[in-house]
Structures are given as C-alpha cells and as structure tokens.
Amino acid sequence: MDFHKLSLVEQLEGLKKGDFTSTELTTHYLKRISSFDEQINSFITVTEEQALSQAKAADERYKNKNNLPLDGLPIAHKDIFCTKGVLTTCGSKMLSNFEAPYSSTVYDKLDKEGMVMLGKTNMDEFAMGSSNETSYFGPVKNPWNTEYVPGGSSGGSASCVSAELAPIATATDTGGSIRQPASLCGLTGIKPTYGRVSRYGMIAFASSLDQGGVVARSAEDAALILEAMSGHDPKDSTSLKLEKPNLVKDLDTPIKGKKIGLPKEFFEKEMPSYVEKSIEEAIEVYKNLGAEVVEVSLSNINLSLPIYYIIAPAECSANLSRYDGVRYGYRCEDPKDIEDLFMRTREEGFGAEVKRRILIGTYALSAGYYDAYYLKAQKCRQLVANDFSEAFKSVDVILSPTTPGTSFKSGEKTSDPIEMYLQDIFTIPANLAGLPGLSIPCGEHEGLPLGMQLVGNSLEESKLLQFAYSYQSNTNWHKKMPNI
Amino acid sequence: MALSDQELKEIAYLARINVSEDSLSSLKKELEDILDLFQQLNEADTSEVNAMSHPLDLSQPTRKDEVTEENLREELLKNAPSVKSGLFLVPKVIDGEN
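Top to bottom, those sequences are chains A and B.
Start counting at 1 in the first sequence, then tack on 410, and there's your number in our numbering.
Start counting at 1 in the second sequence, then tack on 5, and there's your number in our numbering.
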C-alpha cells in the first residue's frame, strides 16, 4: 500500500480503524528513506531501531484499546531538538559527537502522544542559512529538482516531507527557517506566536526570535501536530502561560467577511512576474471565498533585514559562547594551553557562516558600538512591531509572497552572504514582532513550487490555519508532490 | 564601513575564534558588507521609542527553591572530550611550578 500518499490525518484514522499497523506504516517510511535519501541527504541520523520499537509499542496499545491521541504516527525531527541518547548535532562539527542527555519538550510532548521518531533531519549549521548548504553533514537537495536548494535552515525537514520520506517534520524558525523552505519545497509550514512552543531542549540560536513549528503537506496535518506541540512549559521561562489553542476543532471556520491586508511596501518591491501572478490568483481565491482585501502600510518594514542582522548575530554570539571544547562537543587536538583550546576549538568546530555571525554579533555588542548598533536595532524593532499592531487593528491577516522567487541552484548564492540574506526579506518581520506566520503553496514556475505567506496577530495561529485550510479546500497546489 | 585588520583581530579574540592570516582579508570584506547594511537604520527616527528586547512583555517567573534536576553526572561526563576523576579535564590554567 502506498501509505505515503495518505495524509497524516488519514493515517491516524487508518491506525485507529485497524486498517494497518504502525509497524507497517513505519517500515514503509524507513524503506523509502533507505531507497531515496541518498539523492537528497535530508537525514543526519535515521533511528530505525527506536522507530520500530516505538511503533510496536503503539500497535500493542491499539490492540489493548488504550491508545494515545497520535499513537503510531511517524515524524521526523529537525536535528536542533535534543533527543535523549540520540545524536543531536545541530548540523555542526561542533556537536557532531553529541548525544543529548535529555529530550526537548517538543520531543517529549509528541512522544507522550505516541508519535514514532523516524530520525533527525539535516539543517543549516546552528540554523544559520537559507539554502541548507552550511551543514557539516553536506548540503540537502530539493526533491523537485536536485540541482536546486531546499531552502533553510529547516531544509532537511522540508526536503524529507516533500519527498514523502516522512509524513510531517518538526522545524524551527528564527527569520524564516520554516516558511522559506516550505515555500521552496511546496509545503505548508507554520511558525506560531513566540512563546507558544517550548524552546526547552531546542538548541539556541537567537533566543528572542527562535520558535519551533512544523512543515507538513496540508494545513490540516500541520494543525494536528502543532496543537500537540504547543502549551505552557515551566522549563522555558519565555513560554506563554496559556492553554494550547484549538487548532483542529476550529479549522473549518469559514473566512467569509474576514479582512486580508496587503502591505504596500512589499508589493512596491520589484518581483518576478510569475510571483506577482501567483499572488494575484491567490487573492482572487480569497475574494471568491468572501474575504475582503485591503492595502495596509507597514512603513518601517524595510528596516527588518538590518535589524535582524544585528539582533540575531548579537544573541547568537552570546548563545554560542557555550561551545568551548570543555564539557561536550568538539575539542581541537593537543591544545597547548586553555586559550589555545578555546580559540582553535571554535575556529575548527564552527563553519564559515556561523563564525561570520558570531563576529558580527561580538562587534555589535562590543564597547563603543552597543548604542549605535544593538540598541538602535532594538528601537527599530519596536517600530516594526508597532506597524504590525496598527495594521491588525483593521485586518485579520497580512498576505505576501513567502520568498522573492522559487528555489535557486546549489552554489548560486554561497559566495555572497547578503544575497543569501535577502531570501528572508518577507519572513523576518514576523519574527521581530513575535507573530505567527505560515507559508502555503500557491503556484509554480518552471517545475518549482512557490509559496505565499500569511502573518497573523499575536496568538492567532488558529485564524491563520483557517485561512490556509479554506484555500486548500478550494485549490490543489498543496497536493502536488515531486517525483523522486 | 571600513574595518582595520587590528579591529578584526580584536573582535575575533573577544569571540575566542582563531582567524588565520590568509583568511583575514576575505573575512574583513564580508563583515564590512554586512556592516554597510546596518547604515540603513540611521534613517529611522527612534527618539520617541523604547528599545524592544523581546517580543513578550514578561517578568521573570520564579519557582520554589527545590531540587528538580536529577544527578546526571555520569551521563553528562560521557559527552566530555576529556575527563579525569569525575572532572572535566583542561590544560593547565594557572601558571606556576608543577
């Protein structure tokens, strides 16, 4: 049976009805991984033994009629989430030998609901990148065309779901790392409101921006898993003290009469005509569903890229100071003294992009530059957040392209960091303001998919998913999958 | 924005990252390009806004002063590059006679 052609929701129904077992489902995906992952390099670790034993336990529970809510459903986890006793590398040489001594809250929550871990997915090193070319474990390829990148940093998660080597995968988003690869791989990717999903055990990059979420094949699948991942966690001091949202139950709420805002600053930018055309068609779909479309202004939005490239590196330089070669991770050979140990461990253990960002962050935080860069960026961040608050007084969601275009060829942007940074120009603002955002497929160009982004007001991921679900109930873009 | 070799070396030392002499000039160029990007912020009038350090307006939560962590000493030491007598081993830190 072609299990991978079933949605996650259908797989759950099938398991509950006893049409097939979790062992059959899991074995099917493990076989697909071993047949196809060589082409796309989406996994760093495949946890075959553990997956089969989790599946067997789930089957046992179904037999005894004491099954868990998501029992026996397979999932892949981004290798940024700590998983006890399993290699957790964050795509870096620095952690290439690190077996996490504890599990992240995200893993624990899904494990407690019965989900089966297929493995850990490849990613840009420490989640820094937009093409998944900075991983120590080699670049990930886009299943739609392996000469092209899958996007990043959650490129492995997006690539494996798109190639149907896993029905869904966890991911994280600091400046677009869920939404951009979702757009480039033809998937539905959602980053919830900052604080919705616990960051405990999720390896830190920029703590005021990092947020966990999922990449899936539909809004319906995404809602099912995001709901299970959400909720207050006392182990994360920035976790919101709120009950988890009703994402699944409210999914089919009609969007008739709701308002969509189009930020004029985004649409003033020059974009390829195929992007414009796809977005216009998507807007038409929404109008036909009874939504009202208005222009909004986010007048400081164009400051987002420089703000982000001060704040994210600043926070990263502080967070990554823990990798010193003393307690865990990589250590250089034969250090002659303690200073040599630090300096060479970090020179050899980190890749070029990570070092660039640590240096930029160190500079921005150093004496004499703090006010001019870091403090200025934090003030500008407030301006961007204010723009969103103002806009959400009159609209329900804000719609734009997710990315400036479809995917690009491997190696095309690696020599120019700024070119690469521009990939996230539409996605970064939501992270600065801590708002939920999602990307759904809305078109294609020369055989490569393209996504549109919806950003919602704080805590309104439910509304975002309703918009995505309505769109997907009336279009077929999300059903197109690559041939591998 | 121009960065001198000396400045770059100082930043690299603050970050405890060794930078080899032959990678100095290319790295400097990349960092200068990124710093140039930041100039755009000077156009923004921020005289009336407070700095936003975080998306949530949270106070630090407190909890009872109770031991919640298990003793994972052995587990944690397994990941260490070098261990002696249950302690992390590093090169000598304080100079002096042996």
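Some clues are possibly wrong.
[Stated by the list, open to error] Derived list of chain A stretches under chain B, where covered just means 3 residues or more per stretch with a C-beta under 8 Å from a C-beta of chain B:
id: 1; region: 527-533
id: 2; region: 592-599
id: 3; region: 756-768
id: 4; region: 854-866
[To be verified] Below, computed lysine-lysine pairings styled on BS3-like, alpha-carbon distance capped at 25 Å:
id: 5; chain 1: A; residue 1: Lys674; chain 2: A; residue 2: Lys803
id: 6; chain 1: A; residue 1: Lys823; chain 2: B; residue 2: Lys33
id: 7; chain 1: A; residue 1: Lys415; chain 2: A; residue 2: Lys890
id: 8; chain 1: A; residue 1: Lys645; chain 2: A; residue 2: Lys666
id: 9; chain 1: B; residue 1: Lys83; chain 2: A; residue 2: Lys823
id: 10; chain 1: A; residue 1: Lys494; chain 2: B; residue 2: Lys83
id: 11; chain 1: A; residue 1: Lys645; chain 2: B; residue 2: Lys83
id: 12; chain 1: A; residue 1: Lys669; chain 2: A; residue 2: Lys659
id: 13; chain 1: A; residue 1: Lys669; chain 2: A; residue 2: Lys426
id: 14; chain 1: A; residue 1: Lys503; chain 2: B; residue 2: Lys33
id: 15; chain 1: A; residue 1: Lys651; chain 2: B; residue 2: Lys83
id: 16; chain 1: A; residue 1: Lys427; chain 2: A; residue 2: Lys466
id: 17; chain 1: A; residue 1: Lys873; chain 2: B; residue 2: Lys33
id: 18; chain 1: A; residue 1: Lys746; chain 2: B; residue 2: Lys97
id: 19; chain 1: A; residue 1: Lys426; chain 2: A; residue 2: Lys651
id: 20; chain 1: A; residue 1: Lys494; chain 2: A; residue 2: Lys522
id: 21; chain 1: B; residue 1: Lys69; chain 2: A; residue 2: Lys645
id: 22; chain 1: B; residue 1: Lys83; chain 2: A; residue 2: Lys746
id: 23; chain 1: A; residue 1: Lys746; chain 2: B; residue 2: Lys14
id: 24; chain 1: B; residue 1: Lys34; chain 2: A; residue 2: Lys746
id: 25; chain 1: B; residue 1: Lys69; chain 2: A; residue 2: Lys503
[As the list claims (entries may be wrong)] If you only want the chain A side, here are some residues facing chain B, beta carbon under 10 Å, derived:
id: 26; residue: Phe547
id: 27; residue: Thr603
id: 28; residue: Gly641
id: 29; residue: Met681
id: 30; residue: Leu730
id: 31; residue: Pro827
Source of the hints: derived by calculation from the structure; they are not laboratory data.
Yeah, the Cβ is synthetic: ideal placement off N, Cα and C, and Gly gets one too.
Against the structure, the hints:
Counting residues of the region 527-533 of chain A whose CB lies closer than 8 Å to any CB of chain B gives 0, which falls below the minimum of 3, so the coverage claim is violated. Check on the region 592-599 of chain A: 0 of its residues sit with their Cβ under 8 Å from a Cβ of chain B, so the three-residue criterion for coverage is violated. For the region 756-768 of chain A, the stated coverage by chain B holds: 6 residues have a C-beta nearer than 8 Å to a C-beta of that chain, and at least 3 were required. Against chain B, the region 854-866 of chain A contributes 0 residues with a C-beta closer than 8 Å to a partner C-beta. That does not satisfy the three-residue criterion, and the hint is violated.
Proposed proximity of Lys674(A) and Lys803(A) is supported: the alpha carbons are some 17 Å apart, at most 25 Å. A distance of roughly 19 Å separates the Cα atoms of Lys823(A) and Lys33(B); the hinted pair therefore holds under the 25 Å criterion. Between the alpha carbons of Lys415(A) and Lys890(A) the distance comes to roughly 11 Å, so the proposed pair stays at or under 25 Å and holds. Between Lys645(A) and Lys666(A) the alpha-carbon distance is near 40 Å, which puts this suggested pair outside the 25 Å criterion.
For the suggested pair Lys83(B) and Lys823(A), the alpha carbons sit about 39 Å apart, so the restraint of at most 25 Å is broken. For the hint pairing Lys494(A) with Lys83(B), the CA-to-CA distance comes to about 13 Å; that is within 25 Å, so the pair holds. A distance of roughly 24 Å separates the Cα atoms of Lys645(A) and Lys83(B); the hinted pair therefore holds under the 25 Å criterion. Distance restraint check for Lys669(A) and Lys659(A): the Cα-Cα separation of roughly 22 Å lies within the 25 Å cut-off, and the hinted pair is therefore satisfied.
About 38 Å separates the Cα atoms of Lys669(A) and Lys426(A), which puts this hinted pair outside 25 Å; it is violated. Of the supplied pair hints, the one linking Lys503(A) and Lys33(B) holds, its CA atoms being roughly 24 Å apart against a limit of 25 Å. Restraint check for Lys651(A) and Lys83(B): not satisfied, since their Cα atoms lie roughly 35 Å apart, outside the 25 Å limit. Note on Lys427(A) and Lys466(A): the hinted pairing holds, with a Cα-Cα distance of about 17 Å set against a maximum of 25 Å.
With a C-alpha separation of about 45 Å, the suggested pairing of Lys873(A) with Lys33(B) is violated against the 25 Å cut-off. A distance of roughly 9 Å separates the Cα atoms of Lys746(A) and Lys97(B); the hinted pair therefore holds under the 25 Å criterion. The hinted pair formed by Lys426(A) and Lys651(A) fails the criterion: a straight-line CA distance of about 32 Å is larger than 25 Å. Proposed proximity of Lys494(A) and Lys522(A) is supported: the alpha carbons are some 14 Å apart, at most 25 Å.
Pair hint Lys69(B) plus Lys645(A) holds up; C-alpha atoms about 13 Å apart against a cutoff of 25 Å. Of the supplied pair hints, the one linking Lys83(B) and Lys746(A) holds, its CA atoms being roughly 23 Å apart against a limit of 25 Å. Restraint check for Lys746(A) and Lys14(B): the C-alpha separation of about 20 Å stays at or below 25 Å, so the hint holds. Simply put, Lys34(B) and Lys746(A) have alpha-carbon atoms about 31 Å apart, too far for the 25 Å limit, and the pair is violated.
Taken as a hint, the Lys69(B) and Lys503(A) pair is broken in the structure, with Cα atoms around 38 Å apart against an allowance of 25 Å. Taking 10 Å as the C-beta cut-off, the interface hint given for Phe547(A) is violated, the closest approach to chain B being about 19 Å. Checking Thr603(A) against chain B: minimum C-beta separation of about 8 Å stays under 10 Å; hint holds. Nearest Cβ of chain B to the Cβ of Gly641(A): about 15 Å, over the 10 Å cut. The hint is violated.
The beta carbon of Met681(A) comes no nearer than 20 Å to any beta carbon in chain B, farther than 10 Å, and the hint placing it at the interface is violated. A hinted interface residue such as Leu730(A) counts as satisfied when its beta carbon comes closer than 10 Å to some beta carbon of chain B; here the least separation is about 9 Å, so the hint holds. Look at Pro827(A): its Cβ gets to within about 6 Å of chain B, closer than 10 Å, so that hint holds up.
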